[in-house]
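Peer 1: Sequence:
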Amino acid sequence: MFLTAALGILPWLRSSSPAVPSKTSGSNSNADNSKDASNKNFSMTDMYIDNCDTSENVGQIHFSLEYDFQNTSLILKVLQGKELPAKDLSGTSDPYVRVTLLPDKKHRLETKIKRRTLNPRWNETFYFEGFPIQKLQSRVSYTYLIMCRIFRIISRSSQVLHLHVFDYDRFSRDDSIGEVFLPLCQVDFGTKQSFWKALKPPAKDKCGELLSSLCYHPSNSILTLTLIKARNLKAKDINGKSGETWLLFIL
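Reading the sequence shown from the start, the letters are residues -18 to -1, 1 to 233 in mature numbering (1 follows the signal peptide of the UniProt record, and there is no 0).
There's no promise every hint is true.
[To be verified] Okay, derived cross-link-like pairs now, DSSO-like style, lysine-lysine, Cα gap no bigger than 30 Å in a straight line:
1) 174 x 94
2) 179 x 87
3) 64 x 94
4) 87 x 174
5) 87 x 64
6) 64 x 211
7) 64 x 179
8) 117 x 182
9) 94 x 69
10) 174 x 117
11) 211 x 88
12) 179 x 69
13) 88 x 182
14) 88 x 117
15) 87 x 211
16) 64 x 182
17) 69 x 87
18) 87 x 182
19) 179 x 94
20) 117 x 179
[Stated by the list, open to error] Quick list of simulated restraints, FRET-style, between CB atoms:
21) 95 x 193: 25 to 35 Å
22) 115 x 155: 36 to 46 Å
23) 94 x 198: 38 to 48 Å
24) 112 x 173: 20 to 30 Å
25) 39 x 154: 36 to 46 Å
26) 89 x 201: 33 to 43 Å
27) 198 x 153: 39 to 49 Å
28) 184 x 224: 42 to 52 Å
29) 152 x 204: 34 to 44 Å
30) 208 x 88: 18 to 28 Å
These aren't lab readings, by the way, just hints derived from the structure by calculation. Glycine included, C-beta positions come from ideal geometry on N, C-alpha and C.
Let the hints inform the model, and build the full structure from the sequences given.
Peer 2: In structure tokens, the structure reads:
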């Protein structure tokens, strides 16, 4: 089943009560003798969330993940970026990384800003404490993954690492360079994992947000989609508003 919304608007989520992440900086990337997980087998989650073909190259990011079983903590090391695009008139950028463990959007961590470089080295460590391994690696159904890919939503029962690279601007809004989504259900936490991931360019032409709900009934194999409300829609009329708003769905 393929579903298309004509307005191209995205839903938002309210997160449950997550554990609070913490940060420690100053890691050494040369100490990473970990297994490189960039060649892991292709998974269903890769298909619908992590891999989006794009002709625009906005660089790569290098990071590692490991799990502290004794303290039930996820340890993330943001190591470096490579071949980032220039966002400033000087032909360089001032990049930093914003770290979020979705579906929680309230607790965001950030690396330090690296000035005037397209190949930054952050070498910073972040700790997400109080996350049982079962919660980090919980899986979602095939049907729900399809809806996640279409509506860009993340299940509350699954944890997804979101790394978003920005260019710092002192007098204006920071420019988005690119982002990476990594579902943690595809990570083998038996050993420390190291990743090189291509950044995806930021979404363009944001038209607003749509609040929706999904409910699947296994007994009769029915998926119910409820559209609740929209906000921040783009003005299309001369009076600065939009009238006769409607959605077109193709099933």
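Peer 1: Compare the structure with each hint and give your call.
Peer 2: These are the hints, each one checked on the structure:
For the suggested pair residue 174 and residue 94, the alpha carbons sit about 24 Å apart, so the restraint of at most 30 Å is met. Between the alpha carbons of residue 179 and residue 87 the distance comes to roughly 22 Å, so the proposed pair stays at or under 30 Å and holds. About 16 Å separates the Cα atoms of residue 64 and residue 94, which keeps this hinted pair within 30 Å; it holds. Simply put, residue 87 and residue 174 have alpha-carbon atoms about 25 Å apart, close enough for the 30 Å limit, and the pair holds.
Distance check on the hinted pair: residue 87 and residue 64 sit about 26 Å apart at the alpha-carbon level, within 30 Å; holds. Only pairs whose Cα atoms come within 30 Å are accepted, and residue 64 paired with residue 211 is rejected, the gap being roughly 40 Å. Restraint check: the Cα-Cα separation between residue 64 and residue 179 comes to about 10 Å, which is no more than 30 Å; the hinted pair holds. About 26 Å separates the Cα atoms of residue 117 and residue 182, which keeps this hinted pair within 30 Å; it holds.
Of the supplied pair hints, the one linking residue 94 and residue 69 holds, its CA atoms being roughly 17 Å apart against a limit of 30 Å. Between the alpha carbons of residue 174 and residue 117 the distance comes to roughly 18 Å, so the proposed pair stays at or under 30 Å and holds. For a cut-off of 30 Å, the pair hint linking residue 211 to residue 88 stands: about 22 Å separates their Cα positions. Annotation: proposed proximity of residue 179 to residue 69 holds, straight-line Cα distance about 20 Å (limit 30 Å).
Under the criterion of a C-alpha separation no larger than 30 Å, the hint pairing residue 88 with residue 182 is consistent with the structure, at around 22 Å. Straight-line distance between C-alpha atoms of residue 88 and residue 117 comes to about 18 Å, which keeps the hinted pair within the 30 Å bound. At most 30 Å may separate the alpha-carbon atoms for a hinted pair to count; residue 87 and residue 211 meet this at roughly 20 Å. For the given pair, residue 64 sits about 13 Å from residue 182 by alpha-carbon distance, which is consistent with the 30 Å threshold.
Between residue 69 and residue 87 the alpha-carbon distance is near 26 Å, which keeps this suggested pair within the 30 Å criterion. Straight-line distance between C-alpha atoms of residue 87 and residue 182 comes to about 19 Å, which keeps the hinted pair within the 30 Å bound. For the suggested pair residue 179 and residue 94, the alpha carbons sit about 20 Å apart, so the restraint of at most 30 Å is met. Distance hint between residue 117 and residue 179 is fulfilled; the C-alpha atoms sit about 23 Å from each other, no more than 30 Å.
At roughly 34 Å, the beta-carbon separation of residue 95 and residue 193 lies within the given 25 to 35 Å, and the hint holds. Look at residue 115 against residue 155: about 38 Å separates their beta carbons, and that is inside 36 to 46 Å. One distance hint, 38 to 48 Å for the beta-carbon pair residue 94 and residue 198, holds here, with the actual separation near 43 Å. At about 22 Å, the beta-carbon gap between residue 112 and residue 173 stays in the expected band of 20 to 30 Å.
Range check, residue 39 to residue 154: about 24 Å between beta-carbon atoms, so the 36 to 46 Å window is missed. Judged by the Cβ atoms, the range 33 to 43 Å given for residue 89 and residue 201 holds: they are separated by roughly 37 Å. A hinted range of 39 to 49 Å for the beta carbons of residue 198 and residue 153 is consistent with their spacing of about 48 Å. Range check, residue 184 to residue 224: Cβ separation about 24 Å, and the 42 to 52 Å hint is violated.
As the Cβ distance of residue 152 to residue 204 is approximately 53 Å, the hint placing it in 34 to 44 Å is violated. Distance hint check for residue 208 and residue 88: the Cβ-Cβ separation is about 25 Å, which falls inside the suggested range of 18 to 28 Å.
Hint check: violations occur at hints 6, 25, 28 and 29; the rest are consistent with the structure.
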